[in-house]
Amino acid sequence: MDISSELVIALVGGTGTNFDEVVNYIKGILEGFYDEVHPIVLSKLPNIYFSDNPTFSGKSHLDKVEFYQKQGDEIAQNYPAMMGILATCEINKKRIPTKSNAYIIKSLKRNDEYKVLRRIYGHNLILISVYEPKAHRLEHLINKEIICCPDKRYEEIKEKATYIIERDKHDENNKDGQSVRETYTNASYFVRYDTLKEDIKRLLDILRGDPIETPTKDEVAMANASVCAMRSGDLYRQVGAVITDDDGNILSAGCNEVPKFGGGAYWNDTKDEDLRDYFCHEQGKPLTTIIKEQMAEEILKDIENDLPNRVKKLFQKNRENIIKKILQKGAIKDLIEFLRPVHGEEAAICDAALRGVSIKNATLYCNTYPCHLCAKKIIASGIKKVVYIDPYPKSKAEILYKGIVVDKPLNIKESLGKVVFESYRGCSPKKYNYLYNLKYKKRYDKNTGLINPKEEINYHTELLYVSNYSPLGYVQKEIAYIEWLNTEFEKKLNKKVIISEIDLNSNYLFETKWLNK
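Quick note: our numbering has the sequence shown finishing at residue 757, numbered continuously throughout.
A couple of the hints might just be wrong.
Said to hold, decoys possible - In silico lysine-lysine, DSBU-like type, Cα no more than 30 angstroms apart, as pairs: (1) K648 <-> K374; (2) K310 <-> K284; (3) K624 <-> K653; (4) K284 <-> K339; (5) K398 <-> K636; (6) K670 <-> K457; (7) K310 <-> K398; (8) K355 <-> K532; (9) K532 <-> K569; (10) K636 <-> K624; (11) K532 <-> K653.
Worth flagging that the hints you see were computed from the coordinates, not collected in a lab.
Using the sequences plus the hints, can you model the full thing?
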């Protein structure tokens, strides 16, 4: 591998994912292409760069995981992208300028961390989202805790492990908390733990420009679902869905949009009166918000009637704040029954019904996990499998339809007689045109004929989709971010980062030390 072709792989996935095995496998493959492969563990970096950073001293594995979760939240309060910048410090420090280098970052927890790494490393950064079923991750955490603390009760361990996994998705009570879900969907490539080796090998084949690596059925379908999502003019989110047969042929498609008379949904260039959400509101408020406010008012009125007079006055005084909090948190906030647009999955099902196309035993692809309202229609329509990217925490599908739907079964027996909900694997729809466009790779040479990947030297030694710019191009960015962070910390925390460049002409390294001012 050319020393200029650096590769930065960042991993993201839920707490409890067996990242050690993932890192070891990726490292083993990359060592066939790079002189040096450097694993970087994000959670260890604060203790390296913050001289006064507290360290965990207990023996409980779950307490340790929670300690690092809280520590990450505290660090993010000052700057959400902090851990991403600390990763650049490690990359710069570990870089061996006379050799080709690759880095594996374990693991991102916030979107801001990903964004700062993307700004610095561009196409040299590959974000890989790793899906492992919750049951597997829970079991992994429980087993580790049992080894560390064999005297603890199993129920106590399970309760704590479940809490840690749920906290990891998105900490709604803390704006600086972890948000794995948002980061997960930004991946360049999605892998599943049960097919890890196959998925990682294929990713490397794609990056090397293997001429015969074309999209899978899943990738084509999900790319189409994502294009459909862009049609939506919904005020909150864009969801697209397509339904395919076993051969990958698209039977129907849809997105979340307001339905129109005669069937289907509104288009931007419709000749009829445009009654999409943006144009239907009261004093700038969406109609769904008006309905939720009315519900909150009715609930408060019922509560108020049962209150003693002395409490009632205080209640009335804070009425507006109480309504605001009810709408910001809790069950009313999460209600989806009053949204005007038909959901993406519903639109695809209705599209098939409108045109008389059977979707029995078909597969539905959607960029978001179906909500419980869509799940029952998916079941009733005869669809046998759902493939999704974005987990959807509001969905109660698994609870309401337990025994009828199953999210990535542990074995084939569990899937019998159930609709299977399966996490997507393959290249991101955002990267689809980039990774599969023939202008970026070669299949035929007019002088030598068909390109044989086994004989083509570039296929073995170069990553086609990784920029071949000198690391010096982004070392300056690394230093700029550290200097900016230095200024911010000096103002806010009375701490400083000292940067000393070491013979930049022959060495790309710079040292950083976190010191009290």
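Index of numbered hints that the structure contradicts, given in increasing order: Numbers 8 and 11 - these are the hints that the structure violates, sorted from lowest upward.
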